[in-house]
Amino acid sequence: MFTRHERLKSAYDVVIIGAGGHGLAAAYYLARDHGMTDVAVLDQSYIGGGNTGRNTTIIRSNYLTPDGVKFYDESVRLWRDLSQDFDLNLFYSTRGHFTLAHTDSAMRTMRWRAEVNKHFGVQSEAVDAKTVAEAIPMMDLSCGGHGPPVLGALYHAPGAIARHDAVAWGYGRGADRRGVEIHQETQLLGVELEDHGSGPAVVGVRTNRGRIATRKLLCAVAGSTPGVLAMVGLRSPIHIHPLQAMVSEPLKPWLDPIIVSGSLHIYVSQSARGELVMGASLDPYELHSTRSTLDFAESLSAHLLELFPFLSDVRIVRQWAGMADMTPDFAPIMGKTPVQGFYLDSGWGTWGFKATPVCGKTMSYTVANDQDHPLIRGFAFDRFAHYALTGEKGAASVGH
Amino acid sequence: MNRLAARPGEWIDRSQRIAFSFEGHAHHGYQGDTLTSALIASGVRTLGRSFKYHRPRGALSVANHDANAIVQIRRAGRSIPNQRADLLPIAEGLEAFAVNTQGGLARDRRRHLDRLSAYLPVGFYYKAFHSKRLFPYWERLFRNLTGLGAVDLDAPRVVTPKRHEFADVAVIGAGPAGLAAAVAAADAGAEVVLVDENPRIGGSATYALASETASAQRVADLIGSVTSHPRIRRFVTTVATGLYADHLLALVTQDRLLKLRAGSVIIAQGAFEQPAVFRNNDLPGVMLASGAQRLMHRYAVAPASRVGILGANVHAYRAALDARAAGIEVSVLLDLRERPGPQSLPLAETLRAQGVRVLNGTGVYAAHRGGSGDIDSIELAEWREGAWRRSSANAIAVDGLWMSVGFAPADALLRQAGAVVQYDARACQFVPGVLPPGLFACGKVNGVFDLDARVADGQRAGTAAALHCGFESRSCFGVGAPDQETATHPYPIVEHPEGMNFVDFDEDLQLKDFANAVQEGFDNAELLKRFTTVGMGLSQGKHSNANALRVLAQLRGMPLDSIAQTTARPMFQSVPMSHLAGRGFSPERRTPVDADHESLGAVWMPAGNWRRPAYYRRDRLTREESIAAEVRALRGGIGLIDVGTLGKIEAHGSQAGEFLDRVYTGHFGSLKVGMTRYGLMLDESGVIVDDGVIARLAPEVFYFTTTTGNSAALFRELVRLATWWRMPVSLVNLTGHFAAFNLAGPRSREALARLTSLALDDAAFPYLGVREAKIANVPARLLRVGFVGELGYEIHVPSGSAAEVWNAIRTAGADFGITLIGVEAQRMLRLEKAHIIVGQDTDGLTNPFEIGADWAVKMDKPFFIGQRSLAIIAKNAPRQQLVGFALEPGRYAGIRECHLVIRDGDIAGRVTSVGQSPTLGRTIGLALVTPAAARDATLSIRIDGGAQVAAPIVPLPFYDPAGARQRIDSGGARS
Ligand SMILES: Cc1cc2nc3c(=O)[nH]c(=O)nc-3n(C[C@H](O)[C@H](O)[C@H](O)COP(=O)(O)OP(=O)(O)OC[C@H]3O[C@@H](n4cnc5c(N)ncnc54)[C@H](O)[C@@H]3O)c2cc1C
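Respectively, the protein sequence lines represent chains A and B. Under the numbering used here, think of the first position of the first sequence as 548, with each following residue one higher. Under the numbering used here, think of the first position of the second sequence as 7, with each following residue one higher.
There's no promise every hint is true.
[Unchecked claim] Computed cross-link-like contacts, DMTMM-like style, restricted to lysine to aspartate or glutamate with a CA-CA straight-line distance of at most 20 Å:
1) A:K940 to B:E690
2) A:K665 to A:E621
3) B:K138 to A:D634
4) B:K133 to A:D634
5) B:K58 to B:D114
6) A:K799 to B:D158
[Said to hold, decoys possible] A few chain B positions that, by computed beta-carbon distances, are all more than 12 Å from chain A:
7) I24
8) G484
9) E491
10) E504
11) T762
12) S807
Bear in mind the hints are in silico, worked out from the structure with no lab data behind them. Every value quoted in this text rests on a predicted model; they were computed, and no experiment measured them. We put the beta carbon where it would ideally sit given N, CA and C, even for glycine.
Just chain A, with the same shape it has in the complex (with noise of 0.2 Å):
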């Protein structure tokens, strides 16, 4: 699938960092799209290492803000393709996607949600109890009488999972195809940059393997964003939150939907080889690791239980973490940035994976034109700055 390559040359037209999803869906479209191959992606571990293999794969489009429902919309569209266009099968599964809520004001948040969404003609419904009760009715809407119980849902009907190692290795071969060079094992260790009075410009990168001349340089990092920030001299509002998950041993089928619970703090899908896959919210504190801790087991099966108590005897096989780029209007920041040839995709923070394809897209054109692609102005590096916020905290804090 991949080649591997003995040597890096000494310049690149565009240096990708970072070989997950989303740096490897740009490659693969800067390569399709744009006719642009002298590329080569960067890691410091291996393909789909980092969140892109950790993430839970949850692919949906409801999301509040226009900017966002617009963009995710135009993700879904890709998503359902992708397994054609790569010649390979990427699982890629519409489930159905329910974010229950359990108050009054959490069904308020649905209807928003379902009325921006239907409003860009994206299929989403705020349900009532009884609906949910139809379809999924193993599940206990009572919450085994503690805490509140469910009300109702946003029920989005394309609501999908997918393969994520899978994804990686899709947009991987297909670069490589192309002829874009895949490094992996090699660490990005700063960057160099030039100023001749139009303010500071890329002018190439160094690396453990040794130095590469670049003018295009694109920061695909997730969880290692803030370092290599510092690499350019740019700062940004990004924290790094740990954010976990668990899968349980393989069981024949029985959870057909993706089931999210705000009030809870989790959600669940069951994955194609049986198992259920679990993630809560973000760990509240800042922390670059990705060690795993048993209070995050502990609640998170105490609260899945109140919705599905027969699962008591299931077996939990293995738990996970990876490190979240959060930022503070939970959508991300992408596009051109102050410094000249310096491109960033970041701030996926718990829900990137299913903006990969799209990220890949836009991003393509972004590196290509050295122009913001229309989809992504709402998530500009200096809106932070200006207060241009694009609040996405409603609809992507636990639901991913």
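Position chain B with the ligand relative to chain A; hints supplied.
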């Protein structure tokens, strides 16, 4: 039928016969048997079907992680999936079924997948069935094929309490090294907890040293010292499944999770014996020698009657001697090594003297299955020209094959905790390099296999671990001699053109799958794992990862020490969710008069952790009518609202005013004693996060309220800020200590006058004043506030006296028709006054300017949270604005909260609050809209179904714009 005569130290109790069934057939075993041991004793060797090809599989390790012997059981009316047969104790009436079959284990309709295996290469799922149209059908099929056991949707919630434990030194693994470590640490003075997954301590010494009398005695002595030691507690049948930060161990027993916090931790978990790879190495009857030894010594079960042994170390010879002692014929012992080591040689002589064929430099080329499906013979391989090749020797008939070719360290917990391991070419295994502070390892984990050396290594680790906790040992221990023989073969892997040489039994991965994966570029351990799924099955790679790394190194032509291992993560062994969940804790808070509400017809709604009356049921009235009646009663006379769920905080100290100046947007340092003021709290980006009323009770004492949902988090944040700013402010959370009632309505003063001697006239107790006085003889705090827009008093009293005061108010108000008011009516009352609810009329980005609260923001202060942001925001054009709209009287258009405002086809905002005002007789509402929409005369609101309603914008508030009613006789502007 395969049960051996009683043997010393066996784990079964022959006096207790237990009947159970497997696949619908009746069997019996003894107390102490596992399902695996009892079935093999009854002559059943096929215990399950493999994951992908549905090949029949038997016991492999009998070491608590046989991933091919997984059963669904029925017990106490419940059906439980995915139980491990080698762990599961049999119980009277237990019914067990193999999980991965269709139509039963013997006749599994999917067994033919085996023959299709050539068409199912690794990763084939990725390469097939991805047509958009057909994928859903194929996916369903695939999901049914995989998935192991089924959940019983009617099973009840199992509640298992947890336990917290503490120890100076925790020793994980009670084999010789762990035993020695525990004694050494305890002798030094440490309190020790010794954990082992088995019901008895002794570890491998309970089965592997039967032929070594002297060694066995040594271990028995160690066990004696541990058992009698006052400072050692033994936790048996307990699995250490996770080692988290700060030495927190997750220990799992049959019925609960133990959370053990230890000063230092010693990992002495030994090693997992590893299979050899050759064609058909998965046939029932082929197992690890240690598995066979466990069956013989613990359960007195003979897993074969005529066995071949494939070895590469002294353990193979010991297993052969054990077999002979148990009356099992040993057809042949094949030693992969051309030159057996010094420990093996004398044993080889003994065996030869007993007539056993012992062949050096020989392996197994393939195993063959007989009519029953089990192994019936082996073809030999010999080492020629640098490779294993098929031998011309005749196949040898056997009904069992035991493998003892090497071990992999049980170092998962060490690696979870951040230990770095490196490949030790002498021991042919990974051993820990640098260990994090307080973490120690000993025994086979360190590549030490000889008994004396293991004991010495344990003593060293025990002494060091005790020292780490401050216990100095008076004993001095020497270092053990190095092992005389290596226990592990560097490459026990034999190729075969027809494959079926399994590297991972859980996931059905053959040798060629690895070659294919590496060929495709998945050529590092992590990618290989993810592409092939090696190590991702139920046993989490305990008997596949070691060989997978060897194969990878071989394929890439690299030494093993340059191959990075995959990351180790909890769980070491899977844990039922009920154990992790424990009892769960979801408190529901109730105000002191909760029971009264209930008896007075309250219909409840949740409010944060509390429950509050939404409204009170009234005869023959609907919900809406009941709420309207409450609204009218308050506006017309007097109403009583239980507002005890509000957060209530006291701030004390000379800088309390300055502190509040920093956290709220208004001026509080200058607030007069005896007065209150509305406060808005922002986050650093200038977004509204809370509001409340701040009262100054004394020069250095403030008392203030927060919203119900935020109170706990907000208190924590304020304490954090006070600490961070180093301000001498004491904060006291009084939320639960005080009850609070809002007595409001034009006649509230008259009713209140009956309960207090406090002067209530406007001069003595003006609007926005606060007073401390006795109400019904109870000391109370009275805040004259106007959230609902009438003359009103918030009465705060200690919770213990709340019921008295509540009753007194109700009695005093009876003459005036006092009415209880629920949350819904309160929401309407405040809507009529256009008082906002934070979180409903604001969103995650709303700043004070957008809701017209400029008056509450004092930009001239030196600092408050969010001030800097507001200064920038103030220069921008506003993003949105809060406006009011009202429909013509009597018109009901179906507008709901969060319906969108549409302008020129675009979203221009949303309705944040809406309702039918009983007071005004019309639909009124608030909307956050774009400035352009706010300048229009009407809003266009899109309702359910898509129609748009024209709603005229009206000035705010809707009701009593001059505020005359809450002030009664004093005019004046809002402060
Ligand atoms: C537990 C968890 C669950 C999640 N669930 C979901 C979900 O359900 N739905 C959803 O949409 N999103 C989810 N996410 C978020 C999603 O995973 C991420 O937003 C997304 O995968 C980010 O992709 P990426 O390609 O930008 O980053 P990554 O996949 O993290 O790739 C970044 C790469 O950069 C490399 N790198 C970093 N620093 C350097 C350097 N100096 N030099 C070279 N290389 C470097 C890293 O090795 C890494 O491979 C989840 C995240 C986590 C952690």
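Verification of the supplied hints:
1. A:K940 to B:E690: holds, 16 Å
2. A:K665 to A:E621: holds, 15 Å
3. B:K138 to A:D634: holds, 11 Å
4. B:K133 to A:D634: Holds, at about 7 Å.
5. B:K58 to B:D114: holds, 13 Å
6. A:K799 to B:D158: holds, 10 Å
7. I24: holds, 21 Å
8. G484: holds, 37 Å
9. E491: holds, 36 Å
10. E504: It holds; B:E504 is separated from chain A by about 26 Å at its closest Cβ, greater than 12 Å.
11. T762: holds, 36 Å
12. S807: holds, 30 Å
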